[in-house]
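Chains as they are written, first to last, in the working numbering: chain H, 1 to 379; chain Z, 1001 to 1311; chain R, 2001 to 2299.
Bear in mind the hints are in silico, worked out from the structure with no lab data behind them.
Check the hints yourself; a few may be wrong.
Listed next, with one range per pair, are the computed distances between beta-carbon atoms [said to hold, decoys possible]:
(1) R:Phe2285 x H:Lys165: 51 to 57 Å
(2) H:Ala268 x R:Phe2285: 45 to 51 Å
(3) H:Glu162 x Z:Leu1269: 54 to 60 Å
(4) H:Asp352 x Z:Leu1091: 44 to 50 Å
(5) H:Ser185 x Z:Pro1147: 55 to 61 Å
(6) H:Lys122 x R:Leu2057: 56 to 62 Å
(7) Z:Asp1194 x R:Glu2193: 38 to 44 Å
From the three backbone atoms N, C-alpha and C, an ideal C-beta is built for every residue, glycine too.
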Amino acid sequence: MKKLIIYSLVFFVIVGILLTGCGKKTEERNIKIGVILPLTGQLSTFGQSVRKGVELALEEVNREGGVLGKKVELIIEDDESKTDTAQTVVTKLLTKDRVPLIIGEVISSITLAVAPLCQRYKVPLITPSATNADVTRTGDYIFRTCFIDDFQGSALARFAIESLKAKRAGILKDVKSDYSIGLASAFAKTFKEMGGEVVNEQAYAAGDTDFRTQLTSIKASNPDIIFIPGYYNEVGLIIRQARELSIKANLLGGDGWDSPRVLEIAGASAEGTYYGTHFSPLEKSPQVQEFVSVFKQKYNEEPDALAALGYDTLKLVCSAIKRAGTTEGQKVRDELAQTKNFAGVTGEITIDENRNARKPLVILKIEKGKPTYFISIKP
Amino acid sequence: MRAKNIILVIGIPFSLWLINHFISNPSIFSPYILQIIVLMGINAILAVSWDFISGVTGQFSIGQAGFMAIGAYSSAFLTLKYKVPFLPAILFALILSAIAGFIVGIPTLRLRGDYLAIATLGFGEIVRVAILNMPSLGGATGLKGIPIYSSFFSVYLALAITLWFCLALLKSQPGRILLSIREDEIASQMMGIDVVKYKVFAFTFSAALAGLAGALYAHWTSLVHPDSFSFMKSIEIILMGVLGGMGTIYGPAVGGMLITLLPEGLRLLLEQNPLLYQNKDFVRMLFFAILLLFFIILRPQGIFGKREAKG
Amino acid sequence: MSLFFQQLINGLAWGGIYALIAIGYTMVYGIMQLINFAHGDVFMAGAFAGYVIAQLLPDKSSLPSVILVFLSAMLFSTFLGILIERLGYRSLWKKNAPRLSLLIVAVAISLLLENVGLMIFGAAPRSFPSIIPSRSFSLGSISFTNIQVIVILSSLVLMVALQLIVMRTKMGRAMRAVAEDSEMSALLGIPRERILSFTFALGSALAGVAGVMVAIYTPQINPLMGILPGLKAFVSAVLGGIGSIPGAMLGGFVLGEAETLVSAYISSSYRDLLAFLILIFVLLFLPSGLLGKGVAEKL
Chain H
1 MKKLIIYSLV
11 FFVIVGILLT
21 GCGKKTEERN
31 IKIGVILPLT
41 GQLSTFGQSV
51 RKGVELALEE
61 VNREGGVLGK
71 KVELIIEDDE
81 SKTDTAQTVV
91 TKLLTKDRVP
101 LIIGEVISSI
111 TLAVAPLCQR
121 YKVPLITPSA
131 TNADVTRTGD
141 YIFRTCFIDD
151 FQGSALARFA
161 IESLKAKRAG
171 ILKDVKSDYS
181 IGLASAFAKT
191 FKEMGGEVVN
201 EQAYAAGDTD
211 FRTQLTSIKA
221 SNPDIIFIPG
231 YYNEVGLIIR
241 QARELSIKAN
251 LLGGDGWDSP
261 RVLEIAGASA
271 EGTYYGTHFS
281 PLEKSPQVQE
291 FVSVFKQKYN
301 EEPDALAALG
311 YDTLKLVCSA
321 IKRAGTTEGQ
331 KVRDELAQTK
341 NFAGVTGEIT
351 IDENRNARKP
361 LVILKIEKGK
371 PTYFISIKP
Chain Z
1001 MRAKNIILVI
1011 GIPFSLWLIN
1021 HFISNPSIFS
1031 PYILQIIVLM
1041 GINAILAVSW
1051 DFISGVTGQF
1061 SIGQAGFMAI
1071 GAYSSAFLTL
1081 KYKVPFLPAI
1091 LFALILSAIA
1101 GFIVGIPTLR
1111 LRGDYLAIAT
1121 LGFGEIVRVA
1131 ILNMPSLGGA
1141 TGLKGIPIYS
1151 SFFSVYLALA
1161 ITLWFCLALL
1171 KSQPGRILLS
1181 IREDEIASQM
1191 MGIDVVKYKV
1201 FAFTFSAALA
1211 GLAGALYAHW
1221 TSLVHPDSFS
1231 FMKSIEIILM
1241 GVLGGMGTIY
1251 GPAVGGMLIT
1261 LLPEGLRLLL
1271 EQNPLLYQNK
1281 DFVRMLFFAI
1291 LLLFFIILRP
1301 QGIFGKREAK
1311 G
Chain R
2001 MSLFFQQLIN
2011 GLAWGGIYAL
2021 IAIGYTMVYG
2031 IMQLINFAHG
2041 DVFMAGAFAG
2051 YVIAQLLPDK
2061 SSLPSVILVF
2071 LSAMLFSTFL
2081 GILIERLGYR
2091 SLWKKNAPRL
2101 SLLIVAVAIS
2111 LLLENVGLMI
2121 FGAAPRSFPS
2131 IIPSRSFSLG
2141 SISFTNIQVI
2151 VILSSLVLMV
2161 ALQLIVMRTK
2171 MGRAMRAVAE
2181 DSEMSALLGI
2191 PRERILSFTF
2201 ALGSALAGVA
2211 GVMVAIYTPQ
2221 INPLMGILPG
2231 LKAFVSAVLG
2241 GIGSIPGAML
2251 GGFVLGEAET
2261 LVSAYISSSY
2271 RDLLAFLILI
2281 FVLLFLPSGL
2291 LGKGVAEKL
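Given only the sequences and the hints, what does the whole structure look like? Please build it.
Okay, here's the thing in structure tokens:
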């Protein structure tokens, strides 16, 4: 028993030391904005891209004198592409760093997990790229600067039928992601409404590496297009294995494909596939061209859609704080909701009454080993 | 003795209730720290539940996360979909996970040692994959928006009751029988003990405790996800138990708290070093692995256990 | 019908891979009654060893470099297997420590390997360089790739080779003797420790080859890739009758095919469930597996 008491005492002393270490407060000279991204793990290229965009925007904002006479500072946290970690980290941002506003997450499933926390603390959460419809339904503090999957899925279905003349679609979706499930059902709905037929629907789980069984089943029902609403790691493998099984159908996907990893994994098999996304660096408008050249200067690569969305999101947030004249949650929220015709590089952003942005979908085709601009679909 | 007991029965809940008032106020106490403290309590219950079946009774379980999942999902389903209050939901979780434990306990009739371990592992995975395939339980994306009913008070009250009950049981006749099964199953049988009955009882009880922890967890994080109850979680629970000292009950409880605190401590320590900080999750698991190896090879009795005589 | 055969071919490749890993489980279990949880991670380490070597080679797809990749994966995992046995298990085994302790050590080593892998290579999956460019063939309406054929054939060749080693060589005979009665064989002058190392080496080499095969087949690797195939290979070993080498091979192929058929005709989301259902079923109703012999508990 004595031993127990001694050990317990030691234990609580350690706890005490660790906990008091957390309590220090720094002076609030800067406006701190929390950013939560998948910088490592399964979907790390998304997080890295958004980070590049956000940091580029930050430089520009601070060069122009910051916001409300203060410099803007980012607290970027990594959630390792995991829901549990994301919750811990967001709790830390909300309660230890007490940020007035959070940008993130990129992935719908994770955003859905952290959104209730932000809602509870009445801290606005602005996601650059979580497209699942339910995200902003969490509450009135949750916003996004991209389109939603209902639009994306139906636009892709329209594209499949009108431009690719598809009639029979196979679907291969990821049952582990809200994004994939939502996008698949939106696609199927419009595809059927427009007279197409969904001949085979198969599923996989994120992290799988062998899709031959599902692809073989889809191949047997003879579709002329296969819709793959997944994320890039699996998508790359699916494309590759589909071509190995001599599947000739067109392959089509959504913004989850937008990563150089798809081409890296699938190689030549990716030739001739299509995907929809938010942005193409090949657009002619001067604003986009300027962004592309500045981005290239800083990072020595072309920006992808996620980088552009990250860039727009920070700019939009800063403008809302400027208009609100304070970093108080309620007022910033109101200003965010009022955003109209904000000129971003990913198109004009108007936040609608459901706190979503209405924006066009850009379809890219992979040609000669590079995604090239194919067509744009207006909402 | 009686007076002391009465003081404990009234005093502990009352003081927990008082602390709870102070600790749950975000303007006085950091919610970030509260989060860690509550998770410490939940993991302590989990570690005790594992210790009861593995440390005390000697039946190695690698499926504790499966029982936890059953408790978490069943209670969350009730409070979320049918607006059932917290207490009945917890009771339901306890019963359901106890039934699961009972069903898993039956194979102990036939299986021993590592075969049993593997069977519990299989059970844990089956629970996880089954949940993945149940749309009404949210499938792979999990259940979200579970009401937050757990608090410092409820978690630590549950922990106090668990500890008291297990320690009392250990001193009673059934507890001694469980220990005798661990020491020598065949000899116990020869003494006329119904080994099967007691093993099944131990499994049922341990599963119910894990289910309790699961229910508290679900109503604290407000989100349950099949991936939270994977094989790795079971391993983590084993680590807590081994670290604290198998078979001692209070040892694993402290082990559970330490293991929960460790990653947050590491987070603070590693914040200075960006390279390690980026890898903090791996550093933590690596540290766990080395800790586990160290304890099992050099100090198998854990922090609190007593060294056993060579047999 | 052609669909059915196409699916069978898809399953065959995984069957071969499971079988190769399962052999390592079954041999180690036969000798020290330990479920070597780290075995799945030795498989992963083999894949990464092959990856590192393939990155270094200038001409990735020539025959010598393919052989070099396989050999280095085999060597590295053999080395790792022996290391694990020496540092992790041997002292406890010699002390006759409780099997529980050995099992916990196995779990800890597995954690260790996974997280060392994660620290070096990160959690994001990596593409394995295509050292064997894939080519598709069609036979009627069935299509298959040269890689599938290579995976299936080479796993068969390796199994035959292993069977020869175990049945025809002196080392193999000693292995069987130790598995039969460890103490008696020690009394008869068989060096138990050396045999144990040899067993680990043999099992790990096969796992290493299986690692590279999976890496070429999918072609993607990550530091956690060993967990699920490892567990499933263990199920194969139990299914075939743990301790029996032909049983492990049979179990591997049965599981590979069963999984493919379940995901083809029921749902791919039940694929991972199947292995564990088989496991529990076998443990309860067929404890000695398909080819194992029943053993009475020793007192």
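Taking the hints in turn, this is what the structure says about them:
1. About 55 Å separates the C-beta atoms of R:Phe2285 and H:Lys165, a value consistent with the hinted range of 51 to 57 Å.
2. Checking the proposed 45 to 51 Å range against H:Ala268 and R:Phe2285 shows it holds: the Cβ atoms sit about 50 Å from each other.
3. In this structure the supplied range 54 to 60 Å holds for H:Glu162 paired with Z:Leu1269, their Cβ-Cβ distance being about 58 Å.
4. A hinted range of 44 to 50 Å holds for the C-beta pair H:Asp352 and Z:Leu1091, which are about 45 Å apart.
5. Against the hinted window of 55 to 61 Å, the Cβ-Cβ separation of H:Ser185 and Z:Pro1147 comes to about 28 Å, which falls outside the hint.
6. At about 57 Å, the beta-carbon gap between H:Lys122 and R:Leu2057 stays in the expected band of 56 to 62 Å.
7. A beta carbon spacing of about 42 Å between Z:Asp1194 and R:Glu2193 agrees with the range 38 to 44 Å that was offered as a hint.
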